[in-house]
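*Asks:* If you want the building blocks of each chain, they are given just below.
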Amino acid sequence: MLTAQWLYGLTGCVVVALGLRAALLHPSLLQRIVAINVMGSGVFLVLIAVAYRGPGVAPDPVPHALVLTGIVVAVSATALALALVRRLRAERNDG
Amino acid sequence: MNTITLLVFDGLLLISIVSLAWAALATRDARRSVILFMAFGLVLALAWGRLLAPDVALAEAAIGAGLSGALLLAAVSEQPHAAGVVRPSISQNPGRAGTRTAVRWAITLLCAGLAGILGWALLQGLDSSARDTLAQAVAANLAISGVSNPVTAVLLNFRAYDTLLELAVLLTAVLGIFALGQARPGYQCAGPVFDSLARWLAPVLVLIAGYLLWVGAHAPGGAFQAGATLAAAAIVLRLAGRSHIGLPAGGSLRLVTVAGVAVFLLVGLVLLLLGRPFLGYPPAWAGALILVIETAAMLTIATTLVLAFLGGRPQALWREPGVRRDAPPASDAPGAAAPANESAAPSLAAGTQEQTRC
Amino acid sequence: MIDVLAAVLILLGLGFYLAGSIGLLRLPDLYARLHALTKADNLGLGLLTAGLALHAQDLFTSAKLLLIWLAVLAASAASAHLIARHARRRETGT
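Protein chains in written order, with my numbering: chain A, 1 to 95; chain B, 1001 to 1358; chain C, 2001 to 2094.
No wet-lab data here; the hints were simulated from the structure. Even for Gly, the Cβ is constructed at its ideal location relative to N, Cα and C. It is possible that some hints are incorrect.
[To be verified] Chain A stretches covered by chain B per the calculated footprint, using a threshold of three residues with CB under 8 Å from any CB of chain B:
(1) 2 to 8
(2) 14 to 22
(3) 34 to 45
(4) 75 to 87
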């Protein structure tokens, strides 16, 4: 186990916990969406840390592909969530 | 000496990451939170570069920091006050203050416990020895995959099914965005500085997108990064107040939006008909098939991200039920509304009725 | 020799970044802070990319680094202009 792996992996766990706490407790809806994105970034940190193999060695490409997929899915989920927020605001302003 | 400097660099980078995440989530101002989130994404892209993940770094900088930030900023600037959509019940019930604090502490402790459990599981997983089997399988089969970049090989050949489903997720998000409302109104025409920047930046971004698509076969790059760059070009044009931002109109827009999933499925089904497994490319054709699929995926990803930024159905494209497109407006509509209704197909106009002439 | 020159250029560029960061934190006004930031983007990044271009393996990489600097130059200048104009308009109520 390399130093960089557990350093970055543990940071990823901390970031996941930070994001989850804010996603549950923050009063602002928009910032809860930001918190879920932060959680996702923490998960990506863990995955890429696990894929790292050392300074000169090629890393494991499978977690990289997973994270790439995850980034795109996260942005599309964020886009849908923001469209929902927009519709929610419109409904609250009208009704 | 080298390991110590690397350790110091790692420490600083990780402290920055945690501090930015904390600051983005601790502030009450939504706009500040979004901007700190964008900075968090960029520092994260640095971390991906340090961990030898250049494909992921490109995608994080373009999509995670750039496009997510643009989407969130567009949402923040729409809200009437800084705090945004606030939960009414928790903050205005003083009688339950004690319970509220207890719940907050309980959730904080549970999240800390979750971090502990995840960390413990991570350390257990890192200690085990059988971790390299997938990486070895990828390295052994890279020569027949049609590309020489292992991440592209995994994404578009070995795990092509996952990428197909990911494009289906994008399509679902677009359908949801279409169903929820109409696009945001356009922006005012940009001044000379931003207009000239947009004027030369858009073609350069298109060129870079084409380069990223092509180079993804043998170097860091690929369809996702290229699609994000293409979307950035359209968003820059949109922010400069232009009505023509490169999106096709009407049926062509729907076609481009489903092109990613459609081309992928088509390739898979044709291969199935030819007797090969679903999405099992023949090694002689793998490179060409991957390029075709990546091109369609790039166009779809770009269109999806632009539509996400627009926030809804682009107004010029849909016929609302009961309104004939070519009928003259019954009331004395202002003169600007008539040309907007008559211009049947050319391009995507801004959400408002007047044609912005930028 | 090339490495020493590259290191000197990179250190000078970092000096500009340090000045820009200190300016961002300590200067009183939005316009003054923008001024400090754009110095970091222009000269700081220019010296940094010059050092990296000297250190690069081939001419293609150096050309790409130069293009990156030009793009950031234009984008940061335009962004600073837009931010300052928006702040000015909000101040004077236009």
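*Asks:* Tell me the numbers of any earlier hints that the structure contravenes, in ascending order.
*Replies:* No hint contradicted; all consistent.
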